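Turn these sequences into a full structure, and let the hints steer you where they fit.
Here is how the chains run, residue by residue.
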Amino acid sequence: MKTPEPKNEKPTVCGGGLKISVCLGSPCLASGAEGVLRALREAWGEKPIAVIGTGCMGPCSRGPMIRIERDGYPTAYYERMTPQAACTTVAAYLAGAAPEQGRLAPDFPFIALQTRVVLEQCGRIDPCDLNSARAAGGYRALAHAIGKMTPEQICCEIGASGLRGRGGGGYPTGTKWELVRAASGRRKYVVANGDEGDPGAFMDRTLMESDPHRLLEGMAIAGYAVGARDGFIFVRGEYPLAAQRLGAAIVDAGKAGLLGRNILGSGFSFRIRLRIGAGAFVCGEETALMASVMGRRGQPVIRPPYPAQRGLWGSSTLINNVETFGCIAPIIRNGAAWFRSVGTPGNSGTKVFSISGDVATEGVLEVPLGTPLRELLAMAGGVSGGSFKAAQTGGASGGCIPASHMDVPVDYESLKGLGTIMGSGGLIVMNDQRCMTDVARFFMHFCQDESCGKCAPCRTGTQQAARLLDRIAAGEATSDDISQLEQLCRFMRETSLCGLGMAAPTPVLSTLRWFREEYENHVRDRRCPAGVCAMEGTPCRD
Amino acid sequence: MNVHDSHRADDRHRALERVMQQHRLRPDSLIEILHAAQRQFGWLDRDVLGLIAARLRLPPSLVYGVASFYHAFRLEPPGRHRCTVCTGTSCHLKGGSRLLQQLEQHFGIACGATAPDGSLTLENVRCLGACGLAPLIVIDDEACPHASFGPVVERLTASLDGEDTSP
Numbered sequence: 000m001k002t003p004e005p006k007n008e009k010p011t012v013c014g015g016g017l018k019i020s021v022c023l024g025s026p027c028l029a030s031g032a033e034g035v036l037r038a039l040r041e042a043w044g045e046k047p048i049a050v051i052g053t054g055c056m057g058p059c060s061r062g063p064m065i066r067i068e069r070d071g072y073p074t075a076y077y078e079r080m081t082p083q084a085a086c087t088t089v090a091a092y093l094a095g096a097a098p099e100q101g102r103l104a105p106d107f108p109f110i111a112l113q114t115r116v117v118l119e120q121c122g123r124i125d126p127c128d129l130n131s132a133r134a135a136g137g138y139r140a141l142a143h144a145i146g147k148m149t150p151e152q153i154c155c156e157i158g159a160s161g162l163r164g165r166g167g168g169g170y171p172t173g174t175k176w177e178l179v180r181a182a183s184g185r186r187k188y189v190v191a192n193g194d195e196g197d198p199g200a201f202m203d204r205t206l207m208e209s210d211p212h213r214l215l216e217g218m219a220i221a222g223y224a225v226g227a228r229d230g231f232i233f234v235r236g237e238y239p240l241a242a243q244r245l246g247a248a249i250v251d252a253g254k255a256g257l258l259g260r261n262i263l264g265s266g267f268s269f270r271i272r273l274r275i276g277a278g279a280f281v282c283g284e285e286t287a288l289m290a291s292v293m294g295r296r297g298q299p300v301i302r303p304p305y306p307a308q309r310g311l312w313g314s315s316t317l318i319n320n321v322e323t324f325g326c327i328a329p330i331i332r333n334g335a336a337w338f339r340s341v342g343t344p345g346n347s348g349t350k351v352f353s354i355s356g357d358v359a360t361e362g363v364l365e366v367p368l369g370t371p372l373r374e375l376l377a378m379a380g381g382v383s384g385g386s387f388k389a390a391q392t393g394g395a396s397g398g399c400i401p402a403s404h405m406d407v408p409v410d411y412e413s414l415k416g417l418g419t420i421m422g423s424g425g426l427i428v429m430n431d432q433r434c435m436t437d438v439a440r441f442f443m444h445f446c447q448d449e450s451c452g453k454c455a456p457c458r459t460g461t462q463q464a465a466r467l468l469d470r471i472a473a474g475e476a477t478s479d480d481i482s483q484l485e486q487l488c489r490f491m492r493e494t495s496l497c498g499l500g501m502a503a504p505t506p507v508l509s510t511l512r513w514f515r516e517e518y519e520n521h522v523r524d525r526r527c528p529a530g531v532c533a534m535e536g537t538p539c540r541d
Numbered sequence: 000m001n002v003h004d005s006h007r008a009d010d011r012h013r014a015l016e017r018v019m020q021q022h023r024l025r026p027d028s029l030i031e032i033l034h035a036a037q038r039q040f041g042w043l044d045r046d047v048l049g050l051i052a053a054r055l056r057l058p059p060s061l062v063y064g065v066a067s068f069y070h071a072f073r074l075e076p077p078g079r080h081r082c083t084v085c086t087g088t089s090c091h092l093k094g095g096s097r098l099l100q101q102l103e104q105h106f107g108i109a110c111g112a113t114a115p116d117g118s119l120t121l122e123n124v125r126c127l128g129a130c131g132l133a134p135l136i137v138i139d140d141e142a143c144p145h146a147s148f149g150p151v152v153e154r155l156t157a158s159l160d161g162e163d164t165s166p
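Taken in sequence, the protein lines are chains A and B.
Residue numbers for the first sequence follow numbering that gives the first Met the number 0, beginning at 0 and rising by one.
Residue numbers for the second sequence follow numbering that gives the first Met the number 0, beginning at 0 and rising by one.
Rather than coming from a laboratory, the hints here were simulated on the basis of the structure.
Note that the structure is a prediction, hence the values are computed from the model and not measured.
Any given hint might turn out to be false.
If we take Cβ atoms under 7 Å as the criterion, some of the chain B residues that face chain A in the derived model are [unchecked claim]:
id: 1; residue: D27
id: 2; residue: H34
id: 3; residue: Y69
id: 4; residue: H70
id: 5; residue: G87
id: 6; residue: G128
id: 7; residue: L159
id: 8; residue: G161
Think of the CB as a built atom: it goes at the ideal place given N, C-alpha and C, for glycine as much as any other residue.
The following block contains the structure:
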């Protein structure tokens, strides 16, 4: 079987070999990237310079970002571009200079030290152009998989790669695929979980906005491997740009014969539909997500049966996170052994992190699993505004890592050992100006808002725990309240119906484990050491 | 007045009907259809929910149950201007929640509520996924990165004052 060559490929390097890429990820757009792109196109639209809009380049807090590539020059990234600054910079390039103003150092660690596997084409290709994705290798893995491999071989290869679920659970992906493949039943489904609900997580948004075809390709390979003809992508409602680009990508791929009926003439058909979330954190839980895909209230049900046994409309269903699907094409292209060579034994491959909070550069980082937390911080330029106090992983379901464990390798087991979880990859760094009690209170209020109300331990527990934390923050608590809080948290963890309720107490238990003294300051001395919680004896910060 | 006649006369109802037909009136497309209805009407009133229930052959209680379960669906009319404050983790740490409180006090409306004259809705969102821009506020679909109280109030006041108040 022959893969059709991409037609009408746009010239990417011309005009003296000058190629300018403008990041059109949503943070850069919010900072004015569209104006930058327009100004560059207006100034040089007629002259032979390639100006393209791409997805995310990584350092979101420094946007709008542009990248300039020119033969004979090192690739340069420029930060915080305005339309005028961008035009001035490009004009200088045309005159043979490479201006310093706004240029990131050539070895800028946030960019230079990344190992990009999932995000390899993010910020390089035009996410709205199928040809751009195909020229960079997109859909080659799909053609290889359906042309040269059997479904069993694919499941085996994914299993051998050691890939584990990137949504946070860490379940072996190959095992899950094999379960669905072996399941009986005429209809099966593949679902991509793009309901990135954890506050502070934006890895999946980045991939969906910047390289939507990568996700479609991974899902189509999965469909072939498990014997499904239908796929759904569940996108968070707060990500309109991701939904728009995915929608366009599905149409383009369908027209090119890469999705839909009889893909690449192989006889295999696979259709993908989008489902837009409507703002419910609990829909990240797979049984709630399935209820939502079927048009119902996003309320979870007890597992087992697992979706692989009984999922959408009672059929066997494969649910993976967006980032997990993003790993599939590289594994098929380069082989399981290559994937295992990245990361550590038991934690193969890379992980994408969204790092934000008190760091010099906030944005999206991809590193091999097992990279020490200290190294991640260094890549982000270190802690800003004070010294390192803690890093929160796993969002509202996770815990924090204190300064004494900064050298912890970031992998599934090591984080679990510290009482937190890998989660989907949100990493929030806090300096010594932050109050950990306030952080715990913030997450508990979040879970209270987001509890679906089905089971009492979560519905009532989050409310009571939030009330206790309010009392602590207001300086009205007694030491009994802390022990009551602990007891309540253990109870919720043991008895809640789904992952949301079971994990809701984790931020409290984790901050109590590492920063108990701070809770006691609030209770015993009626004082917030960081000066965040407003109470008598604490000088108001404003 | 025959409610259905006035529905047919209305472009927005026609657009909604088109979307429902695209989804072949399948009950599992309910959420997509509610999204479409909210795009058309700005919010979901009883009549629209009833209409959707009838077209999809679902009990009205189920449609209302789904619409009221999800945060994204409005069951009350929104203000002419909207101010959405992100209260995700990074935005909270960098003052987003405090900013929301200040705005509540300044405009005298609680989070999630609309001013009595219908001019402004103040609301929060749990993370827009643009944490590098914290604290982030969105005013009428336009993002204001690294927001602070003074400029936000100035901007909102300008929008409210610039309103054409003639009917």
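Hint-by-hint comparison with the structure:
no.	hint	result
1	D27	holds, 4 Å
2	H34	holds, 6 Å
3	Y69	holds, 3 Å
4	H70	holds, 3 Å
5	G87	holds, 4 Å
6	G128	holds, 4 Å
7	L159	violated, 22 Å
8	G161	violated, 22 Å
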